[in-house]
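Peer 1: Just so you know, the protein sequences line up as chains V and D, in that order. Be aware that the first sequence starts at 0, since it is given in numbering that gives the first Met the number 0, and climbs by one per residue. Be aware that the second sequence starts at 0, since it is given in numbering that gives the first Met the number 0, and climbs by one per residue.
Treat the hints with care, as some may be off.
Stated by the list, open to error - Simulated pairs of lysine-lysine, DSS-like, Cα-Cα distance not exceeding 25 Å:
id, chain 1, residue 1, chain 2, residue 2
1, D, K127, V, K23
2, D, K8, V, K23
3, V, K74, D, K135
4, D, K29, V, K23
5, V, K122, D, K71
6, V, K169, V, K56
7, D, K156, D, K93
8, D, K127, D, K18
9, V, K23, D, K135
10, V, K122, D, K29
11, V, K9, V, K113
12, V, K69, D, K156
13, V, K98, D, K135
14, D, K229, V, K74
15, V, K69, D, K93
16, D, K156, V, K74
17, D, K132, V, K23
18, D, K18, V, K23
19, V, K122, D, K8
20, V, K168, V, K56
21, D, K249, D, K92
22, D, K249, V, K23
23, D, K249, V, K50
24, V, K23, D, K156
25, V, K113, D, K132
26, V, K6, V, K74
27, V, K1, V, K87
Since the hints were made in silico from the structure, they are not lab data. Note that the structure is predicted; figures quoted are calculated from it, not measured.
In case you want the letters, here they are:
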Amino acid sequence: MKPIFVKRDKMLLVGLGFYGDPFKISGAWSEENEIGRLWQRFMPFLANKCKSIPAVKDSSVYYELHIVQKETMEKGYVDVFVGTEVEKIQTVPLELLIKLLPPTEYAVFTLRGKEITADWPRKICTEWLPASGYDFSYSYSLQVYDKRFKGMDNLEQSEIDVYFPVKKKKSAAL
Amino acid sequence: MTHIQLISKAIDFIENNLKEQIGIEDVARKAGCSLYHFARLFNRYTHHTPYDYMMRRRLAESAGELLFTDKKIIDIALDYCFNNPETFSRTFKKVFGVQPKQWRKQKNEQAGFLMPRLTRDHLLQLQKGAYLKPVKMEQEALHLVGLMAPVNSNEGKEEVLHDLFMNELKKWDYSLQDARYYGAVCYWQSIHNRGFSYFIGIESDMKDFAPGQFVTKIIQSFPCIRFIHKGAFKNRRLTLDYIYHTWQPKAGENRRPDLELYYFGNSLQNMDDKGREIEIYIPV
């Protein structure tokens with residue numbers, strides 16, 4: 000897996016969040032688990048009330064944020080947030096939350112077809128990272144869904160980008 | 000490595016480390032997956048989250064030790080990685096409905112219902128997912144005639160009783176063309192006897208007469224959940240384990256602890272067939 004590297008300023012996402020084991024109800028890539036439910040709640044909301052969310056950057060680009068916390072390693076609980084990016088904090092509808100991501104460099108991996116549902120975190124963390132000269136700069140990752148994603152029913156024709164925040168290893172930077 | 004092998008490996012690791020401070024990340028690493036991917040797979044194949052499985056197994060083992068050893072409650076709690084007795088008691092009560100002290104004192108009759116470790120056979124049975132789909136219904140009252148015997152352990156006594164019943168049935172002038180065969184597991188309420196009685200019989204309209212060794216069993220109508228076990232009758236435990244330890248805690252249904260009803264259809268034949276279907280009615 001070969002990433003490209005991009006530097007992003009701080010990012011403001013508005014959307015909906017969940018904390019716990021998102022696969023408690025179902026492990027399938029479907030709307031039957033908590034991640035699917037988040038999307039199920041968020042997308043119709045965005046479609047109906049997009050105009051009430053000020054300063055949306057691109058209403059065809061969506062983000063799925065996974066934040067690793069202390070309990071993640073122990074219990075498998077993850078902080079999951081789905082949303083879209085906005086330019087600045089303004090009044091957002093009561094139903095939505097705002098998430099601020101720090102400015103950082105990202106390693107961006109493009110996943111195609113079946114790669115999307117494969118174990119890409121393992122490949123990135125155990126195969127790519129150790130040989131890359133990079134460390135993770137923050138304990139989160141972003142999945143980016145745009146027009147290239149055609150839905151789970153058309154996985155073969157779909158692409159998504161996965162962003163991992165990174166920084167050069169000190170020894171590698173010297 | 001197949002997914003079943005991978006999950007079996009993870010379960011082995013959990014089971015070997017119930018008394019060790021391990022996290023789900025450790026289990027995922029042992030299985031050779033990322034935590035994210037592992038959590039998905041584990042849930043898909045076991046219908047439990049990895050953490051939920053580990054905690055329920057720790058609680059089941061500790062509940063067994065409370066009943067069958069003299070170890071102090073605090074030692075059992077610490078052995079199974081609960082940081083303090085309070086956390087242990089709170090979690091224990093959430094799952095078993097009573098405090099550990101009370102559980103030990105009353106020698107709870109549900110000891111036979113402690114969650115066992117999941118085996119490869121359990122995982123394979125769970126792949127027949129559609130058959131495990133619960134249907135809420137009202138079971139009509141049944142008037143049955145047949146044989147009943149006590150069962151203390153899993154020695155296959157039920158199958159022996161099936162054979163006896165069929166032999167007896169042949170002696171009597173019963174029309175078996177449309178016979179409807181039922182099995183009933185009647186759990187003993189006595190706290191000292193951890194066993195059950197098993198009844199095998201057919202529906203009968205001979206209200207006041209049970210020939211030969213036969214006994215009459217009347218089951219009043221009851222609200223229940225129906226599951227279908229697909230597989231040999233002797234492997235029904237695989238489906239029952241799913242019902243009691245996976246489905247029931249999630250569904251939050253309170254089952255009546257005294258009865259399980261099986262419906263075998265119009266025959267007791269082919270009970271060892273992998274494709275055999277048996278309806279299981281759990282009173283709630």
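Peer 1: Each of the hints needs a verdict: does it hold here or not?
Peer 2: A quick look at each hint next to the structure:
1. The hinted pair formed by D:K127 and V:K23 meets the criterion: a straight-line CA distance of about 19 Å does not exceed 25 Å.
2. For the proposed pair D:K8 and V:K23, the alpha carbon gap of about 20 Å is at most 25 Å, so the pair holds.
3. For the suggested pair V:K74 and D:K135, the alpha carbons sit about 33 Å apart, so the restraint of at most 25 Å is broken.
4. About 21 Å separates the Cα atoms of D:K29 and V:K23, which keeps this hinted pair within 25 Å; it holds.
5. A C-alpha spacing of about 46 Å is found between V:K122 and D:K71, which places the hinted pair above 25 Å, so the restraint is violated.
6. Proposed proximity of V:K169 and V:K56 is contradicted: the alpha carbons are some 34 Å apart, above 25 Å.
7. Between the alpha carbons of D:K156 and D:K93 the distance comes to roughly 35 Å, so the proposed pair goes past 25 Å and is violated.
8. Taking the CA atoms of D:K127 and D:K18, the gap is near 32 Å; set against the 25 Å cutoff, the hint is violated.
9. Proposed proximity of V:K23 and D:K135 is supported: the alpha carbons are some 23 Å apart, at most 25 Å.
10. Distance restraint check for V:K122 and D:K29: the Cα-Cα separation of roughly 15 Å lies within the 25 Å cut-off, and the hinted pair is therefore satisfied.
11. Pair hint V:K9 plus V:K113 does not hold up; C-alpha atoms about 31 Å apart against a cutoff of 25 Å.
12. Simply put, V:K69 and D:K156 have alpha-carbon atoms about 51 Å apart, too far for the 25 Å limit, and the pair is violated.
13. Distance restraint check for V:K98 and D:K135: the Cα-Cα separation of roughly 43 Å exceeds the 25 Å cut-off, and the hinted pair is therefore not satisfied.
14. Restraint check for D:K229 and V:K74: not satisfied, since their Cα atoms lie roughly 33 Å apart, outside the 25 Å limit.
15. As the CA atoms of V:K69 and D:K93 are separated by approximately 24 Å, the hinted pair is consistent with the 25 Å bound.
16. Between the alpha carbons of D:K156 and V:K74 the distance comes to roughly 42 Å, so the proposed pair goes past 25 Å and is violated.
17. Between D:K132 and V:K23, the direct Cα distance comes to roughly 17 Å. Compliance with the 25 Å bound is thereby established for this hinted pair.
18. Distance restraint check for D:K18 and V:K23: the Cα-Cα separation of roughly 24 Å lies within the 25 Å cut-off, and the hinted pair is therefore satisfied.
19. Straight-line distance between C-alpha atoms of V:K122 and D:K8 comes to about 20 Å, which keeps the hinted pair within the 25 Å bound.
20. This hinted pair does not check out: V:K168 and V:K56 have alpha carbons roughly 32 Å apart, beyond 25 Å.
21. Restraint check for D:K249 and D:K92: the C-alpha separation of about 16 Å stays at or below 25 Å, so the hint holds.
22. The suggested pairing of D:K249 with V:K23 holds, with an alpha-carbon distance near 10 Å, which does not exceed 25 Å.
23. At most 25 Å may separate the alpha-carbon atoms for a hinted pair to count; D:K249 and V:K50 exceed this at roughly 39 Å.
24. Proximity of V:K23 to D:K156 is assessed by CA-CA distance (about 38 Å); at most 25 Å being required, the pair is judged violated.
25. Under the criterion of a C-alpha separation no larger than 25 Å, the hint pairing V:K113 with D:K132 is inconsistent with the structure, at around 29 Å.
26. Annotation: proposed proximity of V:K6 to V:K74 is violated, straight-line Cα distance about 32 Å (limit 25 Å).
27. In summary, the hint linking V:K1 to V:K87 is not supported, as the alpha carbons are separated by about 32 Å, beyond the 25 Å threshold.
When the structure is compared with the earlier hints, violations turn up for hints 3, 5, 6, 7, 8, 11, 12, 13, 14, 16, 20, 23, 24, 25, 26, 27 and for no others.
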